[in-house]
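Same order as they appear, the protein sequences are chains A, B, C, D, E and F.
Under my numbering, the first residue of the first sequence is numbered 6, with each subsequent residue one higher.
Under my numbering, the first residue of the second sequence is numbered 6, with each subsequent residue one higher.
Under my numbering, the first residue of the third sequence is numbered 6, with each subsequent residue one higher.
Under my numbering, the first residue of the fourth sequence is numbered 6, with each subsequent residue one higher.
Under my numbering, the first residue of the fifth sequence is numbered 6, with each subsequent residue one higher.
Under my numbering, the first residue of the sixth sequence is numbered 6, with each subsequent residue one higher.
Just to be clear, a hint being listed does not mean it is correct.
Since the list gives no way to pick out one identical chain from another, each pair is judged satisfied if it fits inside one copy or across any two copies.
[Said to hold, decoys possible] Below 30 Å or equal to it, Euclidean Cα-Cα: the simulated BS3-like pairs (lysine-lysine) are:
1. Lys51 to Lys7
2. Lys7 to Lys50
3. Lys41 to Lys51
4. Lys19 to Lys41
5. Lys51 to Lys33
6. Lys7 to Lys19
Since the hints were made in silico from the structure, they are not lab data.
Quick caveat: nothing in here was measured; it's all calculated off a predicted structure.
The lines below spell out each chain.
Protein chains: 6
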Amino acid sequence: MKNRIDEFSEYRNKMNDRIMSLDHLGIKRFFNLDTKAYENGALDKKTKELLGLVASMVLRCNDCIDYHIIECVNCGLEDDQIIEACNVALIVGGSIVIPHLRHAVETLDLVRSSESERQA
Amino acid sequence: MKNRIDEFSEYRNKMNDRIMSLDHLGIKRFFNLDTKAYENGALDKKTKELLGLVASMVLRCNDCIDYHIIECVNCGLEDDQIIEACNVALIVGGSIVIPHLRHAVETLDLVRSSESERQA
Amino acid sequence: MKNRIDEFSEYRNKMNDRIMSLDHLGIKRFFNLDTKAYENGALDKKTKELLGLVASMVLRCNDCIDYHIIECVNCGLEDDQIIEACNVALIVGGSIVIPHLRHAVETLDLVRSSESERQA
Amino acid sequence: MKNRIDEFSEYRNKMNDRIMSLDHLGIKRFFNLDTKAYENGALDKKTKELLGLVASMVLRCNDCIDYHIIECVNCGLEDDQIIEACNVALIVGGSIVIPHLRHAVETLDLVRSSESERQA
Amino acid sequence: MKNRIDEFSEYRNKMNDRIMSLDHLGIKRFFNLDTKAYENGALDKKTKELLGLVASMVLRCNDCIDYHIIECVNCGLEDDQIIEACNVALIVGGSIVIPHLRHAVETLDLVRSSESERQA
Amino acid sequence: MKNRIDEFSEYRNKMNDRIMSLDHLGIKRFFNLDTKAYENGALDKKTKELLGLVASMVLRCNDCIDYHIIECVNCGLEDDQIIEACNVALIVGGSIVIPHLRHAVETLDLVRSSESERQA
């Protein structure tokens, strides 16, 4: 059964393709810059994905949170490291972040459980 | 001559003392949680200060940016690491972050120059 | 039939339990501070729930709006008092708040209708 | 088959009627001001709808985006003009706007396809 | 000696007059709605000023905070009531609100001290 | 005598040069995209500057407001067109935008008065 993470990734890919098909140079370049911002550099990808996650949480965007949780897991961050980053977001952003903390923790659980299924 | 970083730190300390003197239990506990959120744990203080800096930049708060730039320097982060975090904030938050990027870079220059003076 | 208020409360409780099970001291203490902030004190709970509602509306968080509407009703606030608070949120936050005003009014109607059913 | 645009418009109309039935003078006057703000004046309606769209995108409200996309199409704006406005919103607001850009493009496609069906 | 509260009130009055002189009907009506939103009604002015203060704090606008602190004092609210409202704003909005809490407390002190001078 | 518009432009230029000197590819490319977003295209520069102004007002950034007011005047927009855009920003963003409306109107007056001096 597809969970909401798979549905989100499918929708995200479909709409990103549609946006690229608009062939707007400014938008295409911005998407390119966005991808490059999280590559290894003076800071490693792990740290940058945590930066992206905290930025997404304090700005309260569930889709962005999902994307960065998936990337955090993909690049090998541990749950307690991800939760520690969530705590920084909670303290900076306050109780208005709590619904997004619920979402983030649910997403992390879904991603870990897909991971276990694939390994089984 | 006092620069704006020293003035900010003085004002910050004075008003934090005043706020503590109000003796409001909720506020005192929140300040305490805020301090603890950046201590070494599952993530080290360096990473957490970068998280705080990016959160402050995308939420566009100059006082918070100043505080975290000072802390980033204090815990030994290099300029290119701090600037790389600023780039993530710029990409996530967009051109509305640019005035705060100017502020952050100016603050970093002021902090580094105070550092040089103290070492001279 | 379960309405979206019951579903929200169930999800909220389930995920809050999950978050507590992470056993992160900072997060647990923040949740505790959050609960205490709305208890009777220099201001009564009624006033504080209205403060929480207006803050949630101008920050545009539907889950937080639902939570505070439920609490407003639970502590005996009348509809015209709650609507008057919504008007302050609308004026401060502008037309971008209107979708959340729709949500708030729908939630208030759902909560009042559950109340009537229980009393019937 | 009803798509999400029709569902949104129906819900929007139903709840706006419900809000008007509350008969709160401040809220009614605000709704009136909101309608008038997009009428032809020193700027024409086309320009004002683009202003409303960009404001909705940088403030990241999907319902407001849907409303202004529908109005943009209704007053005769072309797709490349609407996309150009979306690009300004993306640059000002950053990657946190991307999920709302996906939503905006999907809405524009749905509105154009309803338009084609009606003309067929 | 004029303090920053007097300077703010003077600037605010001067620019409000200038804005009224633009004679834009929509802007004039909005200003009128804004004034009426805080008058006694289903909620009393005291409660509404606290709502305005908390909304201003979580949206982090120092000028709006100053205006509502002055109004809170004018309509007879006590310091511990105002501070309790600030605590709600701090919990909802997080540490990003702290610089505005400093500002709010400083403003409250300035307003109380002007009050004492006038009574002396 | 230098007014605050000249001081802002000087500071802006100085810090933009400093930021370019950091030679960070991502930041340089973003600045380039930002400039290009307001050039004539499917929408003309006039319309795009109004979009930038409204986005800056609802996101409440005075430096960005100053920049776009200067550009609006430079590309030949009339005062009543600029004020009409400000009204859209006020309605979308609510009373929290008022301090920035004051700033915008003051900036417009300063820019127009510099213009008159240069022509005298």
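Quick rundown of the hints versus the structure:
1. Taking CA atoms no more than 30 Å apart as the test, Lys51 paired with Lys7 passes inside one copy only; the shortest distance there is 27 Å, against 38 Å between copies.
2. Taking CA atoms no more than 30 Å apart as the test, Lys7 paired with Lys50 passes inside one copy only; the shortest distance there is 28 Å, against 38 Å between copies.
3. For the homomeric pair Lys41 and Lys51, the shortest alpha-carbon distances inside one copy (14 Å) and between copies (22 Å) are both at most 30 Å.
4. Taking the closest pair of Cα atoms, Lys19 and Lys41 come within 30 Å of each other both inside a single copy (21 Å) and across two copies (27 Å).
5. In the homo-oligomer, the alpha carbons of Lys51 and Lys33 lie at most 30 Å apart both inside one protomer (25 Å) and across protomers (23 Å), since each shortest distance falls under that limit.
6. In this assembly of identical chains, Lys7 and Lys19 lie within 30 Å of each other by CA distance both inside one copy and across copies; the values are 16 Å within and 21 Å between.
Violation of the numbered hints given earlier is absent; every hint is satisfied by the structure.
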